[in-house]
Each structure stands twice: as C-alpha cells, then as structure tokens.
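FYI, the UniProt record's numbering numbers position 598 of the sequence shown as 598, with every residue one higher than the one before it.
Hints were generated in silico from the structure; no laboratory data involved. Any given hint might turn out to be false.
Cut-off 27 Å, straight-line C-alpha distance, at most; resulting in silico cross-link-like pairs (DSS-like, lysine-lysine) [as the list claims (entries may be wrong)]:
{"no.": "1", "residue 1": "Lys210", "residue 2": "Lys222"}
{"no.": "2", "residue 1": "Lys218", "residue 2": "Lys99"}
{"no.": "3", "residue 1": "Lys5", "residue 2": "Lys171"}
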Amino acid sequence: MEFIKFLWQISWKQIVIASSAGLVSGCSNALMISIINREVHQGRIDNALLFFGMLAIFIVITSVLAQYLLVLLSQNAIYELRLQLSKNILASPLEHLEKLQENRLIAMLTDDINTLTRSVSAIPNIFIDFATVVGSFTYLAWVSTPIFSIAIISTVLAIWFVQTKLNKAQKLFFEAREEEDTLLKYFQGIINGIKELKLNRSKRSEFLEKNLKGSAAKLRQKHTSAAGSFIITNGFGQTIQFACLGFILFVLPSLIQLPLPTLASYVLISTFIALPMQNLLNRIPELVRGNVALRKIERMNMSLVDLAEPEQIPTATSAHCQLRLQGISYRYHPDTPPFSHPEALGADFPSHPPRHPHERPQGDPAAAGTRPPHPPQGQHPHPPHPHDRRFPPPHPPNGKHPHPPHPHEPPHDRHLSPNDNLDAGFLLGPIDLTVTSGELIFIVGSNGSGKSTLAKLITGLYTPRSGQILLNDTPITEANIEWYRQHFATTFADAYLFDRYLGIDDPQLDREVQKYLKEFQLDRKVSVSDGVLSTTSLSQGQRKRLALLTAFLEDRPIYLFDEWASDQDPAFREIFYQQMLIQLKERGKLVIVITHDDRYFHLADRILKLNYGRVE
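Work out the full structure, taking the sequences as your base and the hints as a guide.
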C-alpha cells in the first residue's frame, strides 16, 4: 500500500518500534492461548493464575504502546502532509493553480485528507490484529503441522481471492474519487448561483436533473459496485473459514490420526483469531479508500512540486522604482497544460531589439499615452469611451492591422481578434512600457482586452512568454521574483479578505486601522481589536474598501488597483480618484489603475489602452 510507504518515509524508526510492540503483543496473545489450552486439558498448573495475570498485563501494555506509537506516527504524518500541501500550493505558479481548478484543490485539502486520516487511524488496530493472527498461527504450527498446513492453504486462497477483488474495487473507488471533483463543482454552483437558480425554475430543474443528479448517480453506482465487491469478498472469506473448520473437524480425523485435545486446541485457536481476521477484512475498504486518496494527493502534489517556485531570502525593497516592460507577451488558453518555468521571466530575447523604422516604442508617451490635457471649459473631461460610436473601430474595414508587426511577435501571431484563430488562445502583447515612482497610470480597454492579465504580469503573478521585466534596471528572474513581488500593494477584482491583518508589525496597528475605517466610512460596520476585524460580511463595495485599507497599511512602493471603483457609490468613487490616488502619487508611489471610469481619465499622467491584447 502506498500510504504504508508514506508512513515509512515520515518516520521509519517509529514504525519499527510500533510494529515490534504489536508483534510482541500478538505473540503474547498466542502464549495466552497456550496457557488457557494447557489449563483446560492438563488441569491445574502451578502458578497458572500468576502467569495468566502477568501475561495479561504485558499484553495490555504492549498493545497500548503499539497503538499509541502508531497513532502518534499517523497523526504526525497527516500534520506534515497538510503543512506540505499548503506550502506547495503557496509556492506554485498562479497559472498552474488556476488550471487545477478550485474544486479539485478543495477536495484534495478536505475529502482526501479526511479519508487518509480515517485510513491511517485504522493502522494501529490492524497491526495488533495482524500480530495476533501471526502469533496464533505460530502456536497452531506447534500444536499440529497438518492442521497448520490446511489453515495456511485456506488463508492463502482467501488472500488471493481478496486481491483479485481488491484491484477491481480500487479502480472503482478511484473513478468515484474523480467523480467527486465534478460533484463538488456542482455543489459550488448551488452555493454561488443560488440567486439565479431560485429565480429561474427551468434552469434550476435542468441543473438538478442533468448536472447534479447525474453526477451523484454515477458516484452512487461506483461506490455501490466497490462496496459490493467487498461484501462478496467478506462472504467468501467467511466461507473459507467455515470450510476449513468443517474439513479439519469432520474430514481430517478420518484421514489421519488426530488426538481430541489437538482438535480442541484448533477450535480454541480458530475461535480466538476469528474476530481479528474479521476485523482485518472489514478494514480493507478503508485502506483502499486511503490508498486512492493518497494517490490522488500524490498526483496533485507532484504536479505542485514540479512547478514550485524556489525559496528566496527576503531582501529590502526599493523605495523609488522604475518599472520597465520590454516586449512582454503572454498567451492564454484554458486548456493549455501547465508549463515549466524558464530561468527568466520570459524567453531569452534581446533587451531591446531593433524596431520597425516607423514604429515608435510603446513605452514612450506616444505609444503608451500621455497625460490628457485638461478639457476646455464646458467640454467633457475625458476622451470618448471605447464603446462610443464616434470612437474609431479597433480594426480598419480591410481587416489589416493599422500598425506593423512587433519584432517580438511570431509571424503566425500578428493579431488576435475576437473571431480570429480562437483555438490558438488569447495573445497579450508584445508590450513595452516604462513607468516611474510618482506617476499615475491608467490601463483601459473593453472587457476581455487583457487588462487583468497584464496586471498579473506586472505584479509577477504570471510569467511572460517572451520579453522581460526590469525593476530599477534589474531583470526579474526566478531568483528574485519574490523580492520583486514585495514592491506591490494590490486590490484585485476578486481580492480575498482575511479576518486579521497579517504581516504588519506596527504597535499602533489598531489605531491606524480605526483611522482608515472612519475615513472609508466603515467605522459603523467594522471594528478592530489586536489586528482582528469584527466582521468581513459586508457588501461588495464595502469589502473592496477593506481591501483598499489593507493595501494602504502595507505601504508598498507600487500600487495596482484592478477596477476597484466599479462597486463604489458615486461619492466614494469621487474620493478615490480625486483624493486617494492623488495622495498616493504625491507620496512618491507608482500607481497603476485598471478602470472604465472615463470621466476621470484626465487625472492620469498616461493612459495605456488595450484592444484584444494589443496596445493602441
């Protein structure tokens, strides 16, 4: 079994000690049978009660010791596994985790770990039962070699039958475990889509009948078939036991000479080991489930370990930052298998290859946008919205791209439009951009244009497929990606709220939080004590304010806000753009904002507009 190997790797010394104690306990049980047998057939024996009492105490002590050591070992193994899985998830690339899907990760961290815990918890009793059976068979060999031989043959036959059924049952359990991932996804659909399902009866009925019910039925069928195999196995094991007992008691005496005390000893031994053998059979399904769970965990864990980012020693961040993107590009396809990290963040391209003679660098004001002039009195304070009919279409009528191809771009990836080469995936870039502390940069574009993907590239959460990122002229590689990420304070659109402030070592933390809560108009809903928030159950807009509060407390050199204001009321949206962003800029922070709020475009120093992954 794989999880026996797993325990052995955790602590082979404890395994050896616990196994030895279990075997001693089992052999002591066999010795107990010998004492009882002699007392029954030979009458009173000198000091029999003393021997019986001492042996009983010894059996209890060794049994308790073996079980305690195995419980300690098994729980330590589960503890180590939980920690290691969590560390591996934290060390894995975000792209890989997104492809693994949330429901599979949750199932691994909950169902698989719990199943493995139950299986490992059964090991102490399995050792004791196994040792008892081995000791009893050893005593039986001393009592009668013919009876022992027949008992061993019947046991081997039963083991062979169990093994044949075991392979089929394990396959069914593994298929059931795969189906559990799908069922968990549908359960998430119920929880996250409850409003939509309640408001649409036909949608709710189809979801239940075709999706959830179908998956649950498959899971039921797999588990029923696997359990049926074990029931048949259990029945066959009992049949073998009865057949062996009947043959030895009623047939064997007519074939060979067997003294009556020998037959009585066999009956006593078989009665004594009947319960341990039945326990072993009953625990097989739990062991198989544990084996399947560990295989699932190891497959996922191996996938995580293969792509784990190397540990890095923390170093101080830079207060003044110049961030350069040199020809970075990224291709996304939901079915693309996880990739191995190259040594640098992006392929090995020249730092600045020659450009087309008529193409201006996208990092300069002409390419990345300049600060829009403040509009004259009475005019709209922003350029036309991308969806405005007066705005030029993203592609000219002849279908040709208005700019020459970028030198970083492969010949077959000239341009990706919504209806062009969808099987190849979404291509972002190539993008050149240089930004510096004290600048306010807006990234704009229609939905699906690549803004959030660019944000993940900028923050180091995604790895560029080509080009490179430089911070203060330092190329960002795997060796310093952790240092690079520590320069960013972010609020992504799907930001998660922790119920306490982590990683902020400030004795005045509660006072600072309370000040921001009042400024963000949250002081009537949320309070803080020792860095712990009273609640995070708030509206979406209020949750985003709490996320913004955390970003302010982190006080990083670079701030990135991904459509933060989309859930805010007009008054607080005005405060965010007109006051908070300007204050961050005046403090020398580099501020990057992904936004659709065109009425505030005039506040930006530069605007980077994306259209289907390309800079306009």
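How the hints compare with the structure:
In summary, the hint linking Lys210 to Lys222 is supported, as the alpha carbons are separated by about 18 Å, within the 27 Å threshold. For the proposed pair Lys218 and Lys99, the alpha carbon gap of about 24 Å is at most 27 Å, so the pair holds. Proximity of Lys5 to Lys171 is assessed by CA-CA distance (about 20 Å); at most 27 Å being required, the pair is judged to hold.
Going through the hint list in order, the structure satisfies each hint without exception.
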